[in-house]
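Q: Chains as they are written, first to last, in our numbering: chain A, 16 to 234; chain B, 2 to 194.
These are computed hints drawn from the structure, not numbers from a lab.
In silico lysine to aspartate or glutamate, EDC-like type, Cα no more than 16 Å apart, as pairs: (1) Lys100/A with Glu79/B; (2) Lys71/B with Glu63/A; (3) Lys100/A with Glu81/B; (4) Lys223/A with Asp42/B; (5) Lys71/B with Glu92/A; (6) Lys223/A with Asp10/B.
These figures come from a predicted structure and were not determined experimentally.
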Amino acid sequence: MPRTAQQRVTVPAGASREGNFAPLSKDSGLAAEIKAMIVSGDRDAARERFADLVALQQRRASRIAYHCLRDVHDADEAVQDAFVKVFTHLTSYREDLPFEVWFTRILVNGCLDLRKARARRLRWVLPASPSTEVATREPVEPQPNPEDRLLATECGRQIAAAVAQLPERQRAVFTLCQIGGQSAAEVSQALGLSEPTVRVHLFRAIRKLRGLLERERTR
Amino acid sequence: MTQHPHLSDDRLIEVSLDRSPSVTEREHLGACSVCAARRADLSQLLVATTSVAIAEADAVFTPERLARQKTRILLRLEQEGRPGKVVTFPAGHVHQPRPLRARPGMRWVAGAAAAGVFIGILAGHYAPVFRSGARQSSFAPVSPEAVTVQTVSATMSEEEFLGRLEMAIDGTSGTTLQPLHDLTPLAWEVSAP
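For reference, chain B alone in the conformation it holds in the complex (with noise of 0.2 Å):
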């Protein structure tokens, strides 16, 4: 047994590392089993350490990513110190003002068109007024004497009293309908909202 202590674990790893113990540590480790086995330990970890990290590492950066690395890296180098691309805006989307041109014929067109426009403005304005002179008119008073009133009787059947209604719509005395006929709205007067 030898007689120098046992090497601590910091010079351990660094013998382990370094490879270049001292002469008085290679003769320790030569005689010593236990510092030599806790050598051989600590190099063991060493090496399956720092072959599982490099294996961890390559198996994420596979030889097909390192060549896209590469290749970006180089295309950068060669994008460098260019200047910036300058787009230009699509000559299509440019609007021409176009000139104006004279046309007389047109002139006369849009002037005949204001007029009528304006014709039918006015027209419009003034025949409620001239309607409404000849609806009243008709709103004239009936005498009572012209009214023939007559009593249905509720033992009337509906197909007499429509009968009777369409008499009195032909014959002579449709006149006593008139003024139910001038308050009623015609169709050709009632204007779409």
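The shape of chain A in the complex, shown without the other chains (with noise of 0.2 Å):
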């Protein structure tokens, strides 16, 4: 039976630990001396040092997260439950894996499990105009910040357009990869996908916003 986008994510029986990944990074470290301050006993330390951890992985979840999910307020709950599942679930986390792997995966599980909660909720709401569809934003700024100039551009606009117009599954590949920057061995295991899938997907993904694009252009 095919696998849905709605399906939780597990790691995948074949899938390599060893090797594809970088060699451990500073938030995985973090995450190791978090865990034994937590084994030892003292709490509160591993509750302070943990802020430096949410810190570095904060910004990086909260993109990914955006793009899973098109609606910032479930993507902020999103990222805030994985947190707290991370904290919670640390004393069973593995040292010799990257931090960022596993803590994607915590991630894009609670992406579907929200995505899922969306659907039922929306089973009973009438639907309401397109406008719902795009990401709320905070209250503009009198002075637009950088990323506010690329997205007023029409080419930025356009981009924009096209990476939402992706299917879900095209999507999630393409935003770890591009975005979250998950080599597709990650990615495969933060989705728990075969490699060669991730890669289908990724192409799918690339030609799909290329025709996007120059359909766009040729307007």
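From the two separate chains plus the hints, produce the assembled complex.
A: Right, dumping it as structure tokens:
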């Protein structure tokens, strides 16, 4: 039976844990340190140290969650839940694995759960105007930041619209590879897909993006 | 021109992502302008889409929002594992039953009030009986001789009629109006509904 985008992510049985991953990064070392604190019973100190880990991963996590869910409030909630879950289960973290991969898997699972909950919720709600699909924006600042300036250009708008049009699975793979900066092997671990499947989704996503943008240019 | 075939789209994407073309591919990319242009376009597309996607997320997740998010995460971790706060019922609202105190003086007052009420009810019950007896006596048939009927001519003025009416009331002949007076209830007998 083909896997659906709504299914929870599990690590493939044959997935390699060795190799393919970058050497342990700063966040992995920090996670191992916090784990040791929790094991030794110093939970308060572990919590204080965890703030540094949050600071290291927070922006990347928010970007991934936002592109998975396309809703700022849901993305915010998913990121918070993921960090709380990580701290609660940090004793089961394996230091030989990159923390980023473990954390991304927890985050992606949380995003899938939220998406399922949202689908259930929307089943009982009448469809609203298409503007509900557009992400809620923070109040506009008087001085636009570089991100806003980039998005304000015609090209930026077209690209953003094209990315939003990608099917869920392709968008998830594209987000993790391009925005999350993960390799195909890491994305395969995070999404519970085989590496060739990840590549196929990535190729399709890029081809689709190219097609959509070319169509916009020829208009 | 090189003998190698052009790189497929998928391979070109792979090369653009991993930046690890094989020796043969590298040679081909160096010699084939078509594939080099395709690769450049693809790289440009990837860079543009990635930067726009990142900018889109960053525009929504401002530094202020990220700071709030971090605060909430740490707050949730701080509250984690703590037992729920039990809210006690406000003590000021508790009704304290007051003990009954024996007061002999009050008992006498209550007894007298009850007796007064009882007597009042009895009096109210029997009063109409006495009054009806008194009224029956006043309804004694009046002899036709006693009634002096004064015919009023149609030509009598209104003032003259009222003057005669007053004289009848004030004078000795006022007894003729007694039955009408008896039928009319007195103001102090009429009780409010």
